[in-house]
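Model the placement of chain B on the given structure of chain A, informed by the hints.
There are 2 protein chains.
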Amino acid sequence: MKKWFFEKELPNIAQDYKIGWKLKKRVYSGRSKYQKIEILDTSALGRIFVLNGILQLSEKYEFIYHEMISHLPLFYHKNPKKVLIIGGGDGGVIREVLKHPLKEVFWVELDSKIVEVSKKYLPFLSVKNSLKQKKVKLFFEDGTTFIKKFKNFFDVIIVDSTDPEGPSFPLFEKKFYKDCFLALKKDGIFITQSGNFLDQISEIKTVISNLNPFFSYVKVHRIFTPDYQGSDFSFTLASKSIDFEKFNIKKIEKRYKKIKGLKCYFPQIHFCSGILPKFYKEKLK
Amino acid sequence: MKKWFFEKELPNIAQDYKIGWKLKKRVYSGRSKYQKIEILDTSALGRIFVLNGILQLSEKYEFIYHEMISHLPLFYHKNPKKVLIIGGGDGGVIREVLKHPLKEVFWVELDSKIVEVSKKYLPFLSVKNSLKQKKVKLFFEDGTTFIKKFKNFFDVIIVDSTDPEGPSFPLFEKKFYKDCFLALKKDGIFITQSGNFLDQISEIKTVISNLNPFFSYVKVHRIFTPDYQGSDFSFTLASKSIDFEKFNIKKIEKRYKKIKGLKCYFPQIHFCSGILPKFYKEKLK
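One line per chain: the protein sequences are A and B, in this order. In short: position in the first sequence from 1, add 12, done, that's my numbering. In short: position in the second sequence from 1, add 12, done, that's my numbering.
Pulled out of the complex, with its shape left as it was, chain A reads as follows (with noise of 0.2 Å):
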């Protein structure tokens, strides 16, 4: 067995750094449809989630990146009801989601393998409690065909998908934002994973201006986090009629302290999480 696992070369970007985490244990490999995928056991992110050799999520980290991409939307939102989850097939987003008093919530994502190797070994992402819930709906299905169903439908939408490549790069393209927007209600509020700000630029450029054509606001939000090369790590906001400087944090805190188990989220690290800092907003021109 390999003692270190090193991430994959990424296409389109060269390789000048590296990040390897020392390995315990290789608990699963197989390959869907669509992807290779991997389970292993590392020393210092304990279980990892690995498809075609990137890391997706590990088990002492995850909740960095789920909550946030999560409960950002969700807080913006000022009453959430109905939320379309595209992707996440590891279950992590969906955890976070059903910690607010939603009536449905609707999930699709392209790979069953993922969801069935989830609930059998990244126990801590909950996914067999989730599904016990009569509000979630799990479609097997590509989110940018299923996305066309629905006007003028959800409060909010999150995309958690992989990198821009494969079958990801459909979930990046104007026709698709295009689709979130009429399936938004006038007050929706649209989330999506958009790459780390080290090498990644050029992608959070490109949703930018794909979302820019049919959203009034649009937003880049910041977070750490340890499972991603770079660590620094993006996601974009967008809404038809919310405008996102306007966000009060005062506003929030009853519902928020109605919300159990964080471990990252609260009211000001929301706020912080969108103040970039100049280098950032400069790039980002």
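Hints in this document: simulated from the structure, not taken from any laboratory. Mixed in with the good hints there might be a few duds.
To be verified - Cβ-Cβ distance ranges computed for the label pairs, FRET-style:
hint, chain 1, residue 1, chain 2, residue 2, range
1, A, G273, B, K252, 37 to 47 Å
2, A, K290, B, V39, 23 to 33 Å
3, B, E116, A, W16, 23 to 33 Å
Stated by the list, open to error - Each computed BS3-like pair below joins lysine-lysine, with the alpha-carbon atoms no more than 25 Å apart:
hint, chain 1, residue 1, chain 2, residue 2
4, A, K293, B, K30
5, B, K30, A, K34
6, A, K14, B, K15
7, B, K90, B, K262
Heads up, the beta-carbon is just placed ideally off N, CA and C, and yes, glycines get one too.
For chain B alone, coordinates are given in the frame of chain A:
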């Protein structure tokens, strides 16, 4: 020549992850009385400065660390005039400090070889320019001895040291912090680097508990810098009479606008770097 630079393993920290930087050129390698000094050119970070096998700064990102360790205490103070820098032989901190209208800057570095090497190989740190200014007084001395000469004298003390081992170890001890307390004026501000949040939490806790007996207010700030393993890096501040939690970003706007050439720092980033996610606050308890 090796193709990748990996940091040396730190004592007391089991190496369970490692970051490699692709090398372009080995520029300089030498040894002072205190440490091994290397200058390397990398693809991702530009030129890097390495002491005893540990990356100290990079051409591309050094401004994040240097701006934040300098402007945080200088803006917490209402009107700083006399500043002491302990360490920082590379010149990054003095370059930033001199952006403020100060009267006197005392700069104490143990290892004259570092200043010499920086002058020659790290021109972006502007050591030559900084030393041209009359208000700058550079001493090659042990900071723990030097500090004892001053009572009620400095507005701001900045400790920019290497990790707490070898010659830097005494800069993390209680007796040194007591001397800093005595050397500061009543409204004086102290800051030190205190390691990364990922695997040096015990170091941050030691710094806090060694400062606590003397100072009324102690606060940890957090920055992201790709230069350090773990990326999520801490500074710990202390003061006798300034309550960090009462910091008002509106009050510094006017002074801030007069400071030229900042790439990372601005008032909102100052505030937000002081907001830690829930799990870090728990870890520091």
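Now the hints, each set against the structure:
| no. | hint | result |
| --- | --- | --- |
| 1 | A:G273 - B:K252: 37 to 47 Å | holds (39 Å) |
| 2 | A:K290 - B:V39: 23 to 33 Å | holds (29 Å) |
| 3 | B:E116 - A:W16: 23 to 33 Å | violated (50 Å) |
| 4 | A:K293 - B:K30 | violated (29 Å) |
| 5 | B:K30 - A:K34 | holds (8 Å) |
| 6 | A:K14 - B:K15 | holds (20 Å) |
| 7 | B:K90 - B:K262 | holds (13 Å) |
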